[in-house]
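Engineer: Put together the whole structure using the sequences plus the hints.
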Amino acid sequence: MGVSLLPGGRMRRVFGKKAWGLLGMILVFQFRAGAYELKFSSGMSTQQVELLGQDQLLISQLKSSSQSTPQNSSQLNPNSNSGVSGSNVAEATFYRSRLAQLYRLNFNDDKNWNDWINARAKIILNAEHELSENTIVSLDFNYSNKILPISNDGFLPPSLMQEVQSRSKAILMLNVGAAIYSSGKATGDRKGLQVDGQGLIPINSPRVGIIQAGDLFFDPVKLGTSNVASRLVGSLFRLSTLWHEARHSDGREQSLSFAHAACPKGHPYAGYRACDTAVNGPYYLGSLVLNLAARSCTDCTAGDRDALKILANDVELRVLSPFYRLSSSASSGSSSGDSAVRKLCQMSGLKLDCSNNNREGVGEVLWDDQPETASWGVAP
Amino acid sequence: MKKRESLLLYVLMFFFFSWIFNIGPSTGTKSPMTTKNFTLPTITGESLAREVELKSQQIAEFRKLAQDTLKSLPTVEDVRSTLASRGAHQTPPIVMAAALKMKKVGDVLEKNHQLLKAEAKSFYEACAAQGSVWPAITQFCAEKQREI
Chain A
1 MGVSLLPGGR
11 MRRVFGKKAW
21 GLLGMILVFQ
31 FRAGAYELKF
41 SSGMSTQQVE
51 LLGQDQLLIS
61 QLKSSSQSTP
71 QNSSQLNPNS
81 NSGVSGSNVA
91 EATFYRSRLA
101 QLYRLNFNDD
111 KNWNDWINAR
121 AKIILNAEHE
131 LSENTIVSLD
141 FNYSNKILPI
151 SNDGFLPPSL
161 MQEVQSRSKA
171 ILMLNVGAAI
181 YSSGKATGDR
191 KGLQVDGQGL
201 IPINSPRVGI
211 IQAGDLFFDP
221 VKLGTSNVAS
231 RLVGSLFRLS
241 TLWHEARHSD
251 GREQSLSFAH
261 AACPKGHPYA
271 GYRACDTAVN
281 GPYYLGSLVL
291 NLAARSCTDC
301 TAGDRDALKI
311 LANDVELRVL
321 SPFYRLSSSA
331 SSGSSSGDSA
341 VRKLCQMSGL
351 KLDCSNNNRE
361 GVGEVLWDDQ
371 PETASWGVAP
Chain B
1 MKKRESLLLY
11 VLMFFFFSWI
21 FNIGPSTGTK
31 SPMTTKNFTL
41 PTITGESLAR
51 EVELKSQQIA
61 EFRKLAQDTL
71 KSLPTVEDVR
81 STLASRGAHQ
91 TPPIVMAAAL
101 KMKKVGDVLE
111 KNHQLLKAEA
121 KSFYEACAAQ
131 GSVWPAITQF
141 CAEKQREI
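Heads up: the sequence lines are chains A and B, in that order.
The opening position of the first sequence corresponds to residue 1 in our numbering, with each subsequent residue numbered one higher.
The opening position of the second sequence corresponds to residue 1 in our numbering, with each subsequent residue numbered one higher.
These are calculated hints, taken from the structure and not from any lab test.
Every clue listed holds true.
DEER-style ranges, computed between Cβ atoms:
id	chain 1	residue 1	chain 2	residue 2	range
1	B	Ser72	A	Thr46	28 to 38 Å
2	A	Ala90	B	Glu46	38 to 48 Å
3	B	Ser72	A	Lys265	22 to 32 Å
With a Cα cut of at most 25 Å, we get these calculated PhoX-like pairs of lysine-lysine:
id	chain 1	residue 1	chain 2	residue 2
4	B	Lys104	A	Lys222
5	B	Lys121	B	Lys64
6	B	Lys71	A	Lys222
7	B	Lys121	B	Lys71
8	B	Lys111	B	Lys71
9	B	Lys111	B	Lys121
Every residue, glycine too, gets a C-beta built ideally from N, C-alpha and C.
Structural biologist: Here it is in structure tokens:
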């Protein structure tokens, strides 16, 4: 089954009257606020596609209050108090400015966020979709540009592919397109992925936008968000996860796919590649989306906002820049004044060195986010 | 003599019925009996007592919720023990579960902020001080405590 939700309202596959009704509602919304242009592997169920459509409606909750349309999602949370306080408005403005500054992303501008996501997320694979030599095929050889990112723990893209294959079912979401591209580039072997229901997709760029949902992503019971009261938090969390994954479609050469770094010793996620060296990577984007939702969501209860802030904290603590420099070189710190640094230093569970007072002269670590375009050599 | 007795009887009957039907001379002041039968102060006392009891109950319920939540918050070790199977790429479900527990506390607090303010402050203070608890949660508690 392949479904494509296009701005013009074209639907490639029909799967029943019920789905027609709901997708019709989604398509109606598309004319007002734009939409994801996602395609899906045939293993995706109708409910999973519907869930993504519902999540997408919540982008209205990220807009500034004068532009938001809370009626689109109010049925998700009948107990919402719509209380967006003055301090929340001020903080939301800060998060919006960070999104614009670091990601050129503006949720108040439908065209902007549409173009942003649609350039980076294109095909969603179901958790069970096979990723093996049966589906990943070699197309040709000799990639002229072989510059690759090396993780701070010496991790190389070929290992990333192994990790993708072993872990893909156990996670929330993974940008497998970027992983396959990086892996192919490392071996000089351009790849293609046979996607169920979509055919062979050549992996010519990290912007191929093939993202696999893990078993947790579409399972509110396993995620713990199945009851009505927690549905809104669950949806906003999924939304931020998709945008995180979309960011992995950016970057080139050393910054290719914004590969995650190993979290340093003393960090809660120490030993896992679950941190970002750059401040403009996927984790900070995810935290900004959650933090913004916590401040601007008009359909949220006070408790929803609290939960979103905790989830945002969990993502934000993975952003090592500029803290990373502070802890790794111990020679300098940050002058950015970013709240992320202050928060990391305040966290009682962290054992990182926050005592360095010389914070002049070192800014945030920003990676080149221009996408890599394939410059393949001649096939032998 | 009979007339006198009759008049006296009428006067006595007048006072008797006045007393029975509570219709004293219109002096503008209430008779001691009327004041005695005026039950408003007694009712106000009961409703106040009920209100106090209700508030105490709400505080006790919130305290119980807060204590249970505090006990259930995942430690760094708890979270890390789940990472081996699930990886750490995205927020582990155990942290999501904790966030939803904190949501419950936040929702109850919001409904009765003035009454529960002091209890809530103690709760978030205690939470922020839990060094072993997952830092994303303690950080939130520290901010919330300052906010309150």
